[in-house]
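Participant: Residues per chain, in single letters:
There are 2 protein chains.
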Amino acid sequence: MKSTSALLIDAGSAARFLFSANEASRNRALESIGRAVSEASAPVLAANAIDLAAARESGISAALLDRLMLDAGRLQKIADSLREVIALPDPLSEIRDIGERPNGLRVAKRRVPLGVLAVIYKARPNVTVEAASLAIKSGNAIVLRGGREALHSNAALVLAIRDGLQCASMPADCVQFVEDPSRQRVAELLGSRGKVDLAIARGGSELMAMVDACAQVPVMQHGQGITHVFVDKSADPMMAERIVLNAKTQRPGVCNALETLLVHQDLIASGALKAIAEALVRSRVELRADPEVAKALQRARIPCVAASEADFDTEFLALILAIRAVPSLDAALAHIAEHGTQHTASIVTADPKNAERFLREVDASCVLWNASTRFNDGGELGMGAEMGISTSKMHAFGPMGLRELTAEKFVVYGTGQVRR
Amino acid sequence: MKSTSALLIDAGSAARFLFSANEASRNRALESIGRAVSEASAPVLAANAIDLAAARESGISAALLDRLMLDAGRLQKIADSLREVIALPDPLSEIRDIGERPNGLRVAKRRVPLGVLAVIYKARPNVTVEAASLAIKSGNAIVLRGGREALHSNAALVLAIRDGLQCASMPADCVQFVEDPSRQRVAELLGSRGKVDLAIARGGSELMAMVDACAQVPVMQHGQGITHVFVDKSADPMMAERIVLNAKTQRPGVCNALETLLVHQDLIASGALKAIAEALVRSRVELRADPEVAKALQRARIPCVAASEADFDTEFLALILAIRAVPSLDAALAHIAEHGTQHTASIVTADPKNAERFLREVDASCVLWNASTRFNDGGELGMGAEMGISTSKMHAFGPMGLRELTAEKFVVYGTGQVRR
Numbered sequence: 064m065k066s067t068s069a070l071l072i073d074a075g076s077a078a079r080f081l082f083s084a085n086e087a088s089r090n091r092a093l094e095s096i097g098r099a100v101s102e103a104s105a106p107v108l109a110a111n112a113i114d115l116a117a118a119r120e121s122g123i124s125a126a127l128l129d130r131l132m133l134d135a136g137r138l139q140k141i142a143d144s145l146r147e148v149i150a151l152p153d154p155l156s157e158i159r160d161i162g163e164r165p166n167g168l169r170v171a172k173r174r175v176p177l178g179v180l181a182v183i184y185k186a187r188p189n190v191t192v193e194a195a196s197l198a199i200k201s202g203n204a205i206v207l208r209g210g211r212e213a214l215h216s217n218a219a220l221v222l223a224i225r226d227g228l229q230c231a232s233m234p235a236d237c238v239q240f241v242e243d244p245s246r247q248r249v250a251e252l253l254g255s256r257g258k259v260d261l262a263i264a265r266g267g268s269e270l271m272a273m274v275d276a277c278a279q280v281p282v283m284q285h286g287q288g289i290t291h292v293f294v295d296k297s298a299d300p301m302m303a304e305r306i307v308l309n310a311k312t313q314r315p316g317v318c319n320a321l322e323t324l325l326v327h328q329d330l331i332a333s334g335a336l337k338a339i340a341e342a343l344v345r346s347r348v349e350l351r352a353d354p355e356v357a358k359a360l361q362r363a364r365i366p367c368v369a370a371s372e373a374d375f376d377t378e379f380l381a382l383i384l385a386i387r388a389v390p391s392l393d394a395a396l397a398h399i400a401e402h403g404t405q406h407t408a409s410i411v412t413a414d415p416k417n418a419e420r421f422l423r424e425v426d427a428s429c430v431l432w433n434a435s436t437r438f439n440d441g442g443e444l445g446m447g448a449e450m451g452i453s454t455s456k457m458h459a460f461g462p463m464g465l466r467e468l469t470a471e472k473f474v475v476y477g478t479g480q481v482r483r
Numbered sequence: 064m065k066s067t068s069a070l071l072i073d074a075g076s077a078a079r080f081l082f083s084a085n086e087a088s089r090n091r092a093l094e095s096i097g098r099a100v101s102e103a104s105a106p107v108l109a110a111n112a113i114d115l116a117a118a119r120e121s122g123i124s125a126a127l128l129d130r131l132m133l134d135a136g137r138l139q140k141i142a143d144s145l146r147e148v149i150a151l152p153d154p155l156s157e158i159r160d161i162g163e164r165p166n167g168l169r170v171a172k173r174r175v176p177l178g179v180l181a182v183i184y185k186a187r188p189n190v191t192v193e194a195a196s197l198a199i200k201s202g203n204a205i206v207l208r209g210g211r212e213a214l215h216s217n218a219a220l221v222l223a224i225r226d227g228l229q230c231a232s233m234p235a236d237c238v239q240f241v242e243d244p245s246r247q248r249v250a251e252l253l254g255s256r257g258k259v260d261l262a263i264a265r266g267g268s269e270l271m272a273m274v275d276a277c278a279q280v281p282v283m284q285h286g287q288g289i290t291h292v293f294v295d296k297s298a299d300p301m302m303a304e305r306i307v308l309n310a311k312t313q314r315p316g317v318c319n320a321l322e323t324l325l326v327h328q329d330l331i332a333s334g335a336l337k338a339i340a341e342a343l344v345r346s347r348v349e350l351r352a353d354p355e356v357a358k359a360l361q362r363a364r365i366p367c368v369a370a371s372e373a374d375f376d377t378e379f380l381a382l383i384l385a386i387r388a389v390p391s392l393d394a395a396l397a398h399i400a401e402h403g404t405q406h407t408a409s410i411v412t413a414d415p416k417n418a419e420r421f422l423r424e425v426d427a428s429c430v431l432w433n434a435s436t437r438f439n440d441g442g443e444l445g446m447g448a449e450m451g452i453s454t455s456k457m458h459a460f461g462p463m464g465l466r467e468l469t470a471e472k473f474v475v476y477g478t479g480q481v482r483r
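As given, the protein sequences belong to chains E and H, one line each in that order.
Every number in the numbering used here is 63 more than the matching position in the first sequence, counting from 1.
Every number in the numbering used here is 63 more than the matching position in the second sequence, counting from 1.
FYI, nobody ran anything at the bench for these hints, they're computed from the structure.
Please note that a few of the clues may not be correct.
In this list, chains with the same sequence are indistinguishable; a pair is considered to hold if it fits within one copy or across any two.
Said to hold, decoys possible - Below 20 Å or equal to it, Euclidean Cα-Cα: the simulated EDC-like pairs (lysine to aspartate or glutamate) are:
| # | residue 1 | residue 2 |
| --- | --- | --- |
| 1 | K416 | E157 |
| 2 | K296 | D153 |
| 3 | K416 | D329 |
| 4 | K416 | D353 |
| 5 | K185 | D299 |
| 6 | K172 | E157 |
| 7 | K358 | E378 |
| 8 | K258 | D299 |
| 9 | K185 | E102 |
| 10 | K296 | D440 |
| 11 | K337 | E86 |
| 12 | K258 | D73 |
| 13 | K65 | D153 |
| 14 | K172 | E424 |
| 15 | K337 | E242 |
| 16 | K416 | E86 |
| 17 | K172 | E419 |
Computed from a prediction, not measured in an experiment: that's the story for all the values here.
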């Protein structure tokens, strides 16, 4: 097995190759990878069966088991996803004209790859192919370090990806896989300053703590999403119900799902809170309410439990919702500033002034007005596939698409200008 | 003296205040700072006299002494520079329309401050006011850690800046100064993950090594510039001479000054190399030449010394130039890939194809065609004042202006959309 340092030296060579690879050759490589993944169906599914057996033995949840599972249909969908990446506009063909200087210099900006990406992620094997394809499309070499549970599946997929690269006359080392699932390898990747241009960490609080403790390379953290909806007193009650229900229940296990609902206190008397709560309970959501809300729900015989302070700082990733009544927009903004994780926040209101203040003042990667928090997603925002959602503000804030895997250099066209 | 941790807590509070401060109030604060700096002339010059006396005693060079020195005229120029920052467009008023999604969602991006900046820099006291004003304009709190040599000057300037902030009803802690010049404080700033949103390190290789060893916060490194000019065989000889001379001698002590000249070997026979070398020697530049160039210069009785391999990896920051002859554009590109620091590279050529390849393939923050390397500068490229030049590709690559001190959040306007 290659050492991390050897792995990164080879990634560096592949990155230099990719720096000058044109759009046609990068797209050809993606096509070839799609074919290779499709043709590797038998070994990939056999490897996945090994992972599934081990996972069942270890007693992981049905939801996690489902995320890990591949079958012929899912694998074909993964192979087909390459075509979507091929269809995305080439970020490296983008040249932006900045303008002409008084001395006649023409200034432009042109996108360039970052170099070597290291992606640390968890059990879903489809991420392996997605991450590799976004890297190739953006001209970057990538080192993948997936979760222990999907080890055999990922190794088989990467073998196919590397076959595909070689068939397209690209260095196989454009995509490499860390087969050793130990934490030590993660620490080595995060500490390889100058050899990893960007690490992307997708995972839970344990991984984020590790990043905090030992990262010396630039890292984009896809951290937890304590996501808020504030239902203002002027909100259309039906719209509020629809948005809250969708944000909480459409896919509760993901980062842009709703975790804390703030309702204007006037909505208790108006009955709007009651309608929202009933809809949530019908969808089997456990409500954890602050005293004011709890009193109102109990009066209406809607089941709920008393929220602890910790509930307002928890990413449940499950059918559980914290609810708090607030007396004003200011109180809602203060709550989000204290408890939010700069991920996603939505306001439901008919008042444009309140909406504008909310959109301006909430410090989150995506702020929404009259829309579900579930839209904070690269595909939904029109960026195509994404590499995760950055909750740090450096380099990218929010969904990371192809552009976010590149930098811009200045290109200056002169006619002999010198500086006075 | 405040601990680093106390300093950063206060910076965090100030950053929250600035997050919602509108353009008018931020510009009013800058005006007020300009007035305060102007009025603090007596204490600032007295403090500078103390620094100058200590510097003279320690025997620093005349050039460094000049960088440190303030007088009434220079101080007024510093105070006046606030007006230029006020005149720059407000980065936080920028809203970019991204487009409408098929489901009717309108997507936009809006700039937000990063939060708390920490700037680590060297002896020039004007940087103190420049950095503080760019931070305020971009809505960020800033912690300044200047060099030991300018300690008293910087402390007096920051006192004036804080006075100015308070007169404009802004928290004084928007701008703080680390009065303890020990390395320990730099290490603490670089290690304060979650409290420093961006550290900007401007300095020599010693500071960069420290960043490499202990940075756990996002850092933009203004690293060394081993800057190249390649004079192609089709170059206009007069233009080449003018550009090389300007790049090397107009201000040799700065990062975008030329360090290595690559000449196409055909220019030896044509006499173009001789003309360039003569012009450089007339400007008292010491030439360190590879064997092929050295032989030609000796034949023409132009003084030069033999270049060592190390000369091609050295940022001289002085009237010294390494020269190498190369047989082709490919050889020039290979040399720059091996020895460049991703800072600045220029090609002088009449051949648009060679220019296009050079501009595309050189991996540097600024690539130029027929222009002096000295133009890699925020002001010269039309960005206004700059906070330094990033030689890393994360977040910003090249000169860092106001926009580079901000992030963009997604703003989504809906009419009740939920995700299917």
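Participant: For each hint, tell me whether it holds in the structure or not.
Facilitator: A quick look at each hint next to the structure:
1. K416 <-> E157: between (37 Å within a copy, 19 Å between copies)
2. K296 <-> D153: neither (45 Å within a copy, 33 Å between copies)
3. K416 <-> D329: within (18 Å within a copy, 69 Å between copies)
4. K416 <-> D353: neither (27 Å within a copy, 69 Å between copies)
5. K185 <-> D299: Neither: 39 Å inside a chain and 57 Å across chains, both beyond 20 Å.
6. K172 <-> E157: Both: 8 Å inside a copy, 19 Å across copies.
7. K358 <-> E378: neither (24 Å within a copy, 71 Å between copies)
8. K258 <-> D299: neither (53 Å within a copy, 39 Å between copies)
9. K185 <-> E102: Neither: 25 Å inside a chain and 59 Å across chains, both beyond 20 Å.
10. K296 <-> D440: neither (28 Å within a copy, 51 Å between copies)
11. K337 <-> E86: neither (55 Å within a copy, 42 Å between copies)
12. K258 <-> D73: Within one copy, since 10 Å is at most 20 Å while 35 Å is not.
13. K65 <-> D153: neither (32 Å within a copy, 50 Å between copies)
14. K172 <-> E424: between (31 Å within a copy, 14 Å between copies)
15. K337 <-> E242: neither (52 Å within a copy, 57 Å between copies)
16. K416 <-> E86: between (46 Å within a copy, 18 Å between copies)
17. K172 <-> E419: between (32 Å within a copy, 14 Å between copies)
Hints 2, 4, 5, 7, 8, 9, 10, 11, 13, 15 from the list above are not met by this structure, while the remaining hints are.
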